[in-house]
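S.K.: Chains as they are written, first to last, in my numbering: chain A, 3 to 351; chain B, 3 to 351.
It is worth saying that the hints were derived from the structure and are not from the lab. Heads up, a few of these hints could be off.
With a straight-line Cα cutoff of 27 Å, these simulated DSSO-like cross-link-like pairs (lysine-lysine) come out [unchecked claim]:
hint	chain 1	residue 1	chain 2	residue 2
1	B	Lys69	A	Lys270
2	B	Lys55	A	Lys238
3	A	Lys238	A	Lys267
4	B	Lys267	A	Lys267
Here are the in silico distance ranges between beta carbons for each label pair [unchecked claim]:
hint	chain 1	residue 1	chain 2	residue 2	range
5	B	Thr144	A	Arg286	24 to 34 Å
6	B	Ala285	A	Asn300	49 to 59 Å
7	B	Asp188	A	Asp210	21 to 31 Å
8	A	Leu268	B	Phe171	15 to 25 Å
9	A	Glu306	B	Glu350	17 to 27 Å
10	B	Lys75	A	Thr92	38 to 48 Å
11	A	Arg155	B	Lys75	17 to 27 Å
12	B	Ala177	A	Tyr241	44 to 54 Å
13	B	Gly227	A	Met141	29 to 39 Å
These figures come from a predicted structure and were not determined experimentally. Backbone N, C-alpha and C define an ideal beta-carbon position, used for all residues, glycine too.
Number of protein chains: 2
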Amino acid sequence: MLYFVGLGIDQSLSLKSVRELRTCEKIYFESYTSPRLNNDVLTQFSDLTESVKVELVSRDFVEDGRKILEGSKKANTALVCSGDPMVATTHQELRTRAIKEGIKTRIIHGSSILCSVSGELGLHSYNFGRVVTITREPMQYTAYNTIYDNLLRGLHTTILLEWDELHNFFLDPRAAIKSLEEAERDLRHEVLDSSTFLLIASRLGSEDALLCGLTLEELKTADLGDPPHVLVLPGKLHYTEFEALGVLLGRNIESVPDNTRVISKLSKRMVQKYAKKTLEALARAKKSAAQSVESNLNFADVFENVECYTRDSERFLNEGRDELAILSIGYAEGLLDSLRFSGLLEFEW
Amino acid sequence: MLYFVGLGIDQSLSLKSVRELRTCEKIYFESYTSPRLNNDVLTQFSDLTESVKVELVSRDFVEDGRKILEGSKKANTALVCSGDPMVATTHQELRTRAIKEGIKTRIIHGSSILCSVSGELGLHSYNFGRVVTITREPMQYTAYNTIYDNLLRGLHTTILLEWDELHNFFLDPRAAIKSLEEAERDLRHEVLDSSTFLLIASRLGSEDALLCGLTLEELKTADLGDPPHVLVLPGKLHYTEFEALGVLLGRNIESVPDNTRVISKLSKRMVQKYAKKTLEALARAKKSAAQSVESNLNFADVFENVECYTRDSERFLNEGRDELAILSIGYAEGLLDSLRFSGLLEFEW
């Protein structure tokens with residue numbers, strides 16, 4: 003049997019895991035998936051299981067996995083880590099290999115940062131979109147686009163920061179934000195600016211955990227203390243979330259801007275811009291038609307349809323039917339422009 | 003001090019929570035937020051804390067909250083539940099109230115179903131979109147649209163099912179799927195059909211937990227055992243996820259269809275349909291123009307633009323620039339239709 007045991011974010015064994023671990027001949031502890039906050043974390047093992055030795059192992063050891071798997075065939079073995087053991091893909095792959103080799107596996111879950119951070123910040127878990135990770139690599143476009151995508155739906159984004167145990171490297175929140183600002187400069191979806199409000203949860207699960215909320219401007223000079231940090235870029239805050247943040251952050255939250263206020267879908271910007279231009283061009287086309295000699299042609303019908311479809315596009319936009327909105331404004335423009343292309347009328351666009 | 007303590011999905015106290023709970027004069031246990039799997043869950047309290055009585059409380063008691071808050075002002079008090087204590091919004095609101103009344107609060111997190119289910123199923127947590135809950139109410143459009151939204155991005159969806167402790171009511175997975183099928187009938191985004199592949203995790207955290215993967219057709223006659231169940235509608239499976247499911251589900255996964263294969267954005271369906279119609283109408287318009295007496299008018303220019311913009315729309319679609327694709331096809335249609343509206347040409351659309 004191979005156990006995958008998570009100690010949760012506070013790195014504490016559960017009574018159930020103590021019972022199961024007592025049946026193990028070998029316990030491996032890895033700390034490459036979550037920073038170890040507490041040097042005493044290993045002593046809880048020796049306190050409780052005198053017969054079992056805990057061996058600290060590296061990422062390579064787990065990725066190689068052969069010793070762990072071979073051991074599991076002969077006797078109960080456990081791989082223990084902080085948080086939840088199945089968030090790390092290396093553990094998932096090890097489990098798949100174990101099952102393929104006929105080894106029984108059991109997971110003892112622990113609280114994960116992914117689920118804990120929402121509750122710590124008073125935010126509702128069902129208001130979160132896809133999680134992102136930011137690394138020190140340049141061009142963090144995927145993270146930026148996912149945040150954009152989440153914000154368009156008013157959803158919050160949990161942002162994990164790269165942590166490399168081997169080099170004791172934690173990506174600083176400011177470096178992560180700088181990457182996002184570079185992506186903003188390149189992609190320009192108006193996801194963030196200096197007034198964007200960011201939540202930072204530091205050292206969760208430890209005695210000196212800290213929650214703060216800062217604008218990106220304030221972040222530049224803030225003292226966040228030691229890592230690890232996890233960020234949340236909030237979307238549309240429900241009033242209960244707003245209230246929770248107000249008491250948790252110890253700051254005036256009333257003046258904090260809504261991160262979704264600027265962001266708009268390309269479709270909305272498109273329709274608003276072209277609807278305005280189309281109606282202006284229509285006015286000029288009508289003047290031109292009044293002076294036209296082509297009196298047997300039915301300009302009025304065309305003009306009426308241009309106006310109707312332009313109004314329709316704005317209405318569809320308000321109803322959230324973006325595709326129909328864009329189709330309608332494109333159609334309206336085409337109806338009008340055709341009169342110029344065919345040489346029937348001359349007017350400015 | 004008011005503690006919010008989660009027992010995790012296996013309903014086990016952690017060593018840390020034992021230490022903290024021993025300092026409490028009062029412990030309240032609520033079971034309305036997660037089904038109690040194990041009748042012995044309360045005995046772990048009495049085993050460990052002879053001096054403290056555990057009182058079972060109802061949702062109303064927690065929502066009212068006054069006794070809990072008053073007690074916390076005088077002595078350490080704990081509210082304990084399964085899973086993670088901050089997933090439930092009633093707990094978040096109680097915590098906000100506590101802090102406002104000057105009561106210190108501390109959360110001892112537990113593993114939540116939201117984070118555990120991905121790992122249990124061998125799926126990557128970063129491949130999940132927004133979570134949904136399905137209730138017994140008719141017209142579960144929000145859940146349906148969120149699943150659609152997630153699937154368009156290739157993301158998996160965790161589907162929580164309504165659970166009402168007061169009436170011992172668990173929404174059956176089949177009833178939940180029926181609601182989604184009704185939404186499919188009304189909204190027709192091609193999210194699901196009888197071959198859609200669904201993952202079901204039952205009684206997670208208990209000794210008789212079970213994982214299965216079924217098509218919606220197979221679900222109709224499957225024996226899932228007792229609740230609670232949580233569903234995952236998978237999106238695009240990474241090959242490692244595919245492999246994990248293969249060993250975990252004990253079924254031939256090769257033949258399982260990809261849930262994202264049919265789904266397409268409205269924009270894609272729209273452009274493909276109208277591009278085809280526009281080119282067909284263009285051919286007829288050209289024939290009509292060849293017979294027209296309005297020889298001084300520049301039909302050729304219009305026709306050329308209709309064709310160009312139609313081709314552009316298809317190209318934009320391939321480039322993932324959906325808004326431009328729709329705008330272009332709308333424009334092309336308008337250019338062509340204008341010739342009919344103005345009475346210049348007659349042709350079928």
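S.K.: Hint by hint, which ones does the structure fall short of?
M.R.: Per hint list: 1, 2, 5, 6, 7, 8, 11, 12, 13 violated.
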